[in-house]
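Peer 1: Let the sequences and hints guide you as you build the complete structure.
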Amino acid sequence: MTAETDKAALRVLAVQGEALDRNLAKAEATAKTADAAIENAERLLASVGQPLPVRKASAGTSLPMRTPRLRTWDEIAAEARVMQPEKVSFADILSPADVAAATGNLSRWKEEFSGLHRLTQFDYAVAGAAGLFAGLADILLVQVPRHPGFLGSSAAEGGWLSNVIKEKFGDLLPDDTIRELERDYKVPYDPSTSQRLDVKVEGLGPRTHRMSSLGHDPVLGWFFGVRDIITGSFSAIGSDGRLVIQSVAGWEPTEYGVGLFVKILEAFQSVAGHMLSDVATKAGLPPPLFGLLQFLQMGGIGDHSIADIARGMYRRGYDLRHFLAGGVTVMIVEVFVRTAWTVRELSEGKSLMDALPVSSRRLQSGLFLSHTVATAINAGKVAVMQNPLSLNWAQWLMFFRYVLPQAHWLLVGRPEAKAAFVREKLEASWGGLDADLTTVWADAFGSEYRAIL
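All letters in the sequence shown, in the order written, are residues 18 to 470 by my numbering.
Calculated directly from the structure, the hints in this document are not laboratory data. Hints are not guaranteed to be accurate.
Derived DSSO-like pairs: lysine-lysine, alpha-carbon spacing no greater than 27 Å straight-line [stated by the list, open to error]:
1) K217 - K299
2) K185 - K299
3) K127 - K435
4) K367 - K127
5) K24 - K435
6) K24 - K442
7) K203 - K127
8) K185 - K203
9) K24 - K104
10) K203 - K280
11) K299 - K280
12) K367 - K442
13) K367 - K435
14) K398 - K127
Peer 2: Here it is as structure tokens:
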């Protein structure tokens, strides 16, 4: 409804309310007159010694009924504008009791909505415990990758879980298997230096080329790697933060046509095979999205920017295998919180399908809180150790994965959901009022009468 329509509706309500009050006052006066007449008649009968008749409801007289005619809204609004030209508000229409009742209903509905999304003491306890256990696993099991020293920190033997995962990858992919994969899955985005490239990629070297090459990223590689294979190009981020995309000699772009779909599938296969050939090597693959930190040519420690620190971390063993070790904190939080949620829902009598931890907004808030606790513990770990290698990249990625939807929920989603919830309650109330009006109409005119415009 527009603002002008709202004003017209308030004016009509005010005029019709006044008319209803007048009619009710007339009916009340008529009823009082009738009661007075009956009392006078009863006194007269009593004075002459006649017995009083028993009062009973009138059987009523059937009168011919006309089909009611309903006026159009424009007619009603025009009449109200003449009768009530000044500005009208709800205060002019509703009594203080009506206002208090409406305000009470609105407050009750808002509280009901908040109760559906408010974390309980159980939710807070589960989130805190899960975050604490994840933080302890990060400190005791993940620690840092094995390295000879970094930015003034002493050498470390690496965390137990980090070392175990690296050993397991070495067992699964021995050197002869790696050489076979390298031979079978050659890709254009694998130059280790800028020597044969038309455009130099700053900082490209044997130890860092996978960090620079977007095709080697475990997440971005499924787009950029496939694109590079199909177009015969090389997409890389230099140590100067510049994105360079160029053609590679000896690689011809795929021709568009009937065979393009097959080429895309083959490109995906090549990306997967090449990643396998690199994941268990000494340098390994970079963690997901880690190469994007090379765009951050500011901040950092001392004279070292964030980009410099990230490249140095990768050279010191901070690769995909250590990232997977850090992912144990994410797994602890997700499994702990979701399992506790399911158990609690089942204990409250819900079915298994309704109890599954899928899309509840309250569950998402609990997971966000738990990941916040785990991430805060990791931040404290980095501050105490004064070593960037103690950063849990997996935990921070999961934190940002939850913080953005949570911020959107608090700033946008929650107000919209609350308004929709109140609208549903109002529509339900209007439905009850409509049912009552239908009953009154049927009592007055019968079910066979229909209004005409």
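Peer 1: Would you mind marking each hint as holding or not holding in the structure?
Peer 2: Now for the hints, and whether the structure bears them out:
no. : hint        : result
1   : K217 - K299 : holds, 25 Å
2   : K185 - K299 : holds, 13 Å
3   : K127 - K435 : holds, 7 Å
4   : K367 - K127 : holds, 25 Å
5   : K24 - K435  : holds, 25 Å
6   : K24 - K442  : holds, 23 Å
7   : K203 - K127 : violated, 61 Å
8   : K185 - K203 : holds, 25 Å
9   : K24 - K104  : holds, 8 Å
10  : K203 - K280 : holds, 15 Å
11  : K299 - K280 : violated, 31 Å
12  : K367 - K442 : holds, 24 Å
13  : K367 - K435 : holds, 24 Å
14  : K398 - K127 : violated, 41 Å
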